[in-house]
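These protein sequence lines are chains F and X, in that order.
Counting in the numbering used here, the first sequence runs from 2 upward without gaps.
Counting in the numbering used here, the second sequence runs from 2 upward without gaps.
These are computed hints drawn from the structure, not numbers from a lab.
Each residue gets a CB set at the ideal place from its N, CA and C atoms; glycine is no exception.
Treat each hint with caution, since some may be false.
Where chain X lies over chain F, by a calculated footprint (3+ residues, C-beta under 8 angstroms) [stated by the list, open to error]: (1) 131–141; (2) 206–217; (3) 229–235; (4) 389–396.
Beta-carbon label-pair distances, calculated as ranges [said to hold, decoys possible]: (5) Leu248/X to Asn150/F: 32 to 42 angstroms; (6) Ala137/X to Ser396/F: 30 to 40 angstroms; (7) Gly396/X to Ser481/F: 23 to 33 angstroms.
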Amino acid sequence: MSITRRRFLQSAAALAGSALMPPFWLRAQAASALSLCESQTRNLIIVQLEGGNDATNTVIPVSGGLRPSYDALRPSLGIAPGELMPTLLGADPGQPAATLALHPHMVGLKRLHDQGNLVTLLGTHYANGSLSHFTSERIWYSARLDARNTVAQGWMGGSIENLCAGQPAAVLALDVQREPTPLFAGTSKLLAIQSLDSLRFPVLDVFFNDPVTSAEYRSLWDLGQQGAQMGTNPFSQAISAAIVPGVNLIDSFQAVDLTLARNLNDLVDGTTTASGGFGVDGPLPSSLAEQLRLIFGIMQGGPPGTPLGPRIFRAHIGSFDTHSFQGVHRSLTTEANLSQKRADGFLGERHGELLHVVDQSISAFWQDCVDAGLASQTCVMTFSEFSRRIIENSSGSRAGTDHGTLGHMFVVGPSSAQAAPGGPVLQGGVFGTQPDIANLNDDGNPPFDPLTSIDFRNVYAEIMTRWLAIPAASTQAILSGFAPTPVNFLL
Amino acid sequence: MARITRANWNYDTAAHLLDRAGFGHKGSVRKKTGEAADIRRLFVTKKKQPADFVEKLFPRKPAKMPKKFSFHSVREVRKRWIKQMLRANGRRTVQEKMVLFLHGHFTTQESVVRSGRLLERQISLFRTFATGDFRALVKQVNVDNAMLLFLNGNENEVGNVNENYGRELMELFTLGVFDFTGANNYSQTDVTEVARILTGWVGGSSFSGTSRFISSRHDPGSKTVFAPDLIETPLQNPANTFTTGDLQDKEHELLVDRIFDHRDTEGRPTAARFITRKLWKFFAYDPEVEVGTGRADLALIDGLADVFVNGTPENPVPYNLGNLLREMFVQEEFYHFKAEQGHTVKSPTDFVIGSVRKLSGSMPTATNVRHHQRAFENPMERMGQNLLEPPDVKGWDGNLAWVSTANLLDRTDFAKELAQRDKKGGKELGINIRKILRTWFGDPPFTRAGVVDQLLRILGPVRVDPGIRQGMIDWLGPDDSVVRFDDPVWVAVRLRGLLYNVLSLPQYHVF
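Could you build the full structure based on these sequences and the hints that come with them?
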C-alpha cells in the first residue's frame, strides 16, 4: 500500500521526541527555501479550454448587424435574445450599435464584468488559422506561426527562464496535469502533478517505520539519480531532473491545506446552488474546480511565512471539440430526460455545460482569492486553440460544428479598487470587435482582420510586460521577434 | 543501410531485440548459464544469421479474426488484452507489440465508444493485420464500427458533411499535415472532399460488430482530391490529383489507394515515409531528437520506406508491415544505440508488462477484475497510459511526454508494489521470489557482487557506473556472509529493496 499523508504525519510526530535520525522526507524543508523564484511574486493562472471553444455561442450578438446572420447560420444551436438578458456585456466596441451578451450560463463572469474584474477580448487569433488541433495548439503554445511538429520553447517556458535566470533550483510553474504541456517547453523549472496525493516518495512497507534503513535506502536512491544526471544519456538525465526536485519539495507540499478555498470546496463537493447550476446533488462533470482548488492551496503556501515555489499555473478543461450534439447530450435521447434536466434548472446542452463549469470554477476561484487578500496579486486568463465553424454541420439535436478560427479570451484580474499601489490594474470591459460572421471566407470562417482582430501575441505581450514585468526587449525575443501592439486591457 | 552481422550478434543484441520487438523475456533463467532462456534461444545456434533469429518472433501465418465477440465490459477487454501481452512469446511476440502500436495509431477512446465488444473487435482487427497489409488495414479502419463512433463517421452524410474522420485519416493515420520539407500535404478543400467520399457508412448493431453502407447517405457527386491549392498546397504534385464519381461502398477503398499513391514535394511516397518514421520512432528512437544524425537518418527512413513500398525479393508485396519490420530489426542502427544506453523512454506499458514478465510476475485472475484494476489499470493510467483511452486522437507522444514528476513517482510506486509482493498462487499482483532465488543466482556460496550483477543483467542488461554498483553491493550488507536466501528478513528488506531500487533507476526506464 502507498503512503498516505496521514501516515507521514503520524510517523513524524512519533519520532519527534526520539533520538533517532529524522525520516528522510523531512530533509525537504531546507530544500524548499531554494525553490522560490525571487523576482516573481504575482500569480498567473492559465486556463486552457481544449478542443476549440465555440466563440460564437460564448459571446453572442443580442442586437445589431450580426444578429440576423447569427439567426440564419445557427438555426439549431442559436440562443434567443430573450435568454441573454441576464448576461449582457454591453456594446461591441467596434460597432457601438450592437449589444453583446455572454452565454446564459456564464452568470459568474457576468458578475465579475459588472464589478470591473473581467476583460473580454473578442476575435483573438492569428492570420490563416490552422484547423488542425495540434498545429494550432502548438502555435498558441509557442507564439510562433510556423510551429510544426514540436514546440522548442513555449511562451511560458521562455518567460519562466527569463524570470528565474540565474536561479537553477527555482520551481516557478505548476502544470496541473500528468504530463507537462508544451506551454512550458524550454524550462525545467516546473512541476506537473495531478493532485497532492501523487507527491509522496514510496519506500517498502517493511522498512517504512525504520528511519535508519529508510535513510540508507534514500542514499542509494540519491546515488542512482546523481549517476543519471552526470551520465551521457539525455533521457536518463531528463528523468532524474524531473523526479529530484519533486522529491525535494514533497514535505513542503504536504503542508498545503486544500480546505482553505471555501467557494471552490463547495463547488467540488456539490453543495453550491449557483443559479443556472447543476442542482444540489449534481457533481461537476469536470475536474477544473479541483485543479483550481489545488492551485489556490499552493498559492496560499505552507505554514505561515513559508511560500511555496510555483506562481504560474496551468489548469485545463477538455471536451470542447463539439463536432456533434453540441446542443444536447447524446445520452438525452428521450423527452423525459430532457424535461427532467429542465426541471433541475439546467438545459443540459453539451457546450453550455462546459461554459458553465468554466464560469463557476473561475468565479469561485476569484472569490476565494478576494477573501484571502490575493486579488491584487492574481490574474486568470483563458484560451482555446481555435473556435468553431459558424455554420452548423447538421440539424436538430445532432447539430454540431467543425473547426473554426477566431475565438475569444477572458482575463480576470484586480480592478482599480483591488490593485496594489503602483501595481497593474485590469481595465474591465470588452475589447476588440465581434468576428464578422456575415462575411465568411471559403472555409466558412470569419477572416482574421489585421485592423480589428486581436493577434493573440499582443495579449501575451501585455501579460508578460505588465503582469510579469518582463522587459519589453526580452518579451519580444521570447515571442520570436514579434513587435506587439498594445491592447491596453492591463495598465 | 548497414545490417547487423553474425559477428556482432550476442546476448545483448538478442535482449534488445526482445525488449523492443516484444515485451522482453519471460523470466525463465537457465541456472547453469545464468541467462534468460528466451534470450538464449535467440543467439545460441552458431549457424543462424540475425535475420533467422528475428524471424522466430514473427507469426507463421496471420492471426484469425474471431467469428463473434462477447458482451465484455471495457475493463474485461482491457484485462484480456494485458493478459495477451503478458503471454506474448515466441511467434506471437511482434504481433502483440504491433497491436499496441496500432492502437496508439488508429486511436479510439472507450469513453466515447462505450462498448467492450466493439473495442475487442478493433483490437482483434489490429492483431490480424499486425504483420500484414497496411493498406488493407486502413480500409478496414475506415469502416470499423468503433472508429465510426469515435470520429463521427456515423454522422457524416451527404449534405451534412462531418470532417472529423476525413481530417484525421490524412493528418494522423496516413500522410501527416506536413511532409519532410515542411510543405502541406493536403488542403482544407481536400479534407472536405475526403469527408464526402467517406459518407454513407454507419455502425451496425453491436451484435455483429460490423458496419454497413447506406446508399442514400452517400454523396454521389464528383469529388476532386489533392488538387493544388494556391495558398495551402502550391507545390502539390498534380499527379496526386484524382477525381471520383459515385463508386458507392467501394469509393473509400479507392481513396486509400490514392492516398498511398500520394507523392510529396520531394517526389517520395508520403504515406510510406510517414508510417515508416512513426514505426521507427516506436521501435527504435525518434529521428527528430537525435542530435548530430540529422539527414543521415532520413536515408535510413527512406531506405526502409522503400522496402515498405516495394517489398522484398522473398516477399514482393507492397505495404506489408512484416516486410518493413523484418528489415528494421536487422539494421545495425536498430542495435547501435543500445550500446550507448539507449535513446527512448519506455512507455508505461513497456515498463509494467516488461517488469512483470521478467520477474515471473503474476496478475490477478479472471474473476478479479477489481483487483486487476487496482494492480494494473489505475497505475498505468496514472503513469499516463490508460489503454483504450488515449488522451486524444493523436495517441501518445512518448519519450519526454512520459516524463513528469508525478508520472515518475507513480512508476516508482508500481515498482515498489511489484518488488514487495508475492505471487500467491497466481491470484494477485506479485513476483515469483522463490523461482528467482532458485534459478537466477546459480549455486551457493553467493556473493553480494554476484547477486547485484545478475540482477542487473536479467532485468536489462542495465548498465550502471562502478560507484552505483558498489552502493548496491553495500546495500546488501557489510560482507558476503549476509547473503542468505533462507533468511526471510534479508530477502524482504535487502534483496527486495535492491530490486525496487533497480526498477526505479532512470536507466531502467530508458531503452
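Against the structure, the hints come out as follows:
{"no.": "1", "hint": "131–141", "in the structure": "holds (count 5)"}
{"no.": "2", "hint": "206–217", "in the structure": "holds (count 5)"}
{"no.": "3", "hint": "229–235", "in the structure": "holds (count 5)"}
{"no.": "4", "hint": "389–396", "in the structure": "holds (count 3)"}
{"no.": "5", "hint": "Leu248/X to Asn150/F: 32 to 42 angstroms", "in the structure": "holds, 34 angstroms"}
{"no.": "6", "hint": "Ala137/X to Ser396/F: 30 to 40 angstroms", "in the structure": "holds, 36 angstroms"}
{"no.": "7", "hint": "Gly396/X to Ser481/F: 23 to 33 angstroms", "in the structure": "holds, 29 angstroms"}
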